[in-house]
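Chains as they are written, first to last, in my numbering: chain A, 1444 to 1698; chain B, 1444 to 1698.
Rather than coming from a laboratory, the hints here were simulated on the basis of the structure.
Just so we're clear, the structure is a prediction, and the values are computed from it rather than from any experiment.
Accuracy of the hints is not assured; some may be wrong.
Straight-line distance between alpha carbons at most 27 Å, and here's what the computed BS3-like set of lysine-lysine pairs gives [as the list claims (entries may be wrong)]:
1) A:1580 with B:1549
2) A:1519 with B:1678
3) A:1580 with A:1541
4) B:1678 with A:1580
There are 2 protein chains.
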Amino acid sequence: MKLETPGLNAEHEFTEAARAAVYNAIFSRRDVRGQFLPDPVPDAVLSRVLTAAHFAPSVGYMQPWSFVLVREPAVKERIHAAFREANAEAAQMFEGAKQEIYRELKLEGIREAPINLCITCDRDRAGPVVLGRTHIKAMDIYSTVCAVQNLWLAARAEGLGVGWVSIFHQAALRETLALPPRVFPVAYLCLGYVSHFYQRPELEAAGWRQRLPLEELLHFDRWGEDGGEAAEALKRQVRSDQNAATSGGTFPAKE
Amino acid sequence: MKLETPGLNAEHEFTEAARAAVYNAIFSRRDVRGQFLPDPVPDAVLSRVLTAAHFAPSVGYMQPWSFVLVREPAVKERIHAAFREANAEAAQMFEGAKQEIYRELKLEGIREAPINLCITCDRDRAGPVVLGRTHIKAMDIYSTVCAVQNLWLAARAEGLGVGWVSIFHQAALRETLALPPRVFPVAYLCLGYVSHFYQRPELEAAGWRQRLPLEELLHFDRWGEDGGEAAEALKRQVRSDQNAATSGGTFPAKE
């Protein structure tokens, strides 16, 4: 069979302003738990962020995701009860001062956010053998996470906050949302307009954990190799870019 | 312990042009296998896309990712050999016409792309108990995938192509890159400037599989519930947005 030649995209350059907008979405995106406004999200906006999710990369073009939109208060209440139960167990796992901070943190906005959204992965969507998934079976789950991140960035550009709630027994999610066995709940998101976005991640502001220096996370050709002198310029650049991204300064810097 | 009040971000609105730029990156992003140019990627550009990855959301602010940059031809050759071996096994799993198409598809650009990048997840980065990962242990892997997608979109805005190669035995990756047991290889990416980006995903153009209608992937409050009349307007909007995104037309549409 002859492969069709796809059309070329002659306009693949982004302007500097467009590039900066993409970075701005990436650097100012936050996990939102406590700043949701009750304002309804218009269908036009919801549709755009869902479309962004749907255009994520997927292994073998499998598009394994589905979207369960939760707006009914009774369903949210059951999900919130599942969170409360798991969160009480979670708090017990931390000790001393950490447990004290843990209990003060607001970790979800299930009831306040006008929209909850469970993004799932249908592990059978494209049959038993999927191109690109022959050796790494979890690739379909990874594709679904890419859809989550697309939605998250699109939401930021729309002024919508998103929070990913992960403190659940998955069985409780499955049961409340009536997911069939082949459908795996990957992410439970709270979504809505917000009063503001924090300048820094909340866990950083709370002293829970700090941003790691990116330059220390780089390896060259093999794990543990520091790249020697040839890598020094890149490391300096990374240090400077991390500072710019953290302080919300102009990014990308002029070359 | 008192929690610090993080600063507010007063400028959280994106202009319409900035919003459109984010969607443009999302909709024009492609998995690139065959269009890599040999042009070197400047440190300034590489640093920005790595910084974008580093600003991904992470469970408990764990930042579990590391970046193994592969540029040495001998390492690329070993990785390519691992791909060839797995890909020969993979081809056997498809039957008839599918196998014929499979063998014609170019599925990686390991040797042509100037940079290969393995993004890994250190499962012990923040100790045994991680906030938000108490019940769903894979959350650290999901965080790492979010970093992949951030990098992918930033790369698109920089005019850089990215291809995710997943046809490997993970043990071969581990061995070639000397990853310690606690470090899990999540994504192996090929990265470089490209002659062009395809207008449609290659697997779609090759007739392998088509884009699914997003409206059929929506559920309301519970799996299998179609939302009735109240959901009709959203579904219509989704249909129209999917068309706009596919055809590369103006998006977001004016409200």
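Right, here's what the structure says about each hint:
1. The straight-line distance between the Cα atoms of residue 1580 of chain A and residue 1549 of chain B is roughly 21 Å, inside the 27 Å bound, and the hint therefore holds.
2. Taking the CA atoms of residue 1519 of chain A and residue 1678 of chain B, the gap is near 22 Å; set against the 27 Å cutoff, the hint holds.
3. For the proposed pair residue 1580 of chain A and residue 1541 of chain A, the alpha carbon gap of about 36 Å is over 27 Å, so the pair is violated.
4. Our distance criterion of 27 Å between C-alpha atoms is broken by residue 1678 of chain B and residue 1580 of chain A, whose separation comes to about 31 Å.
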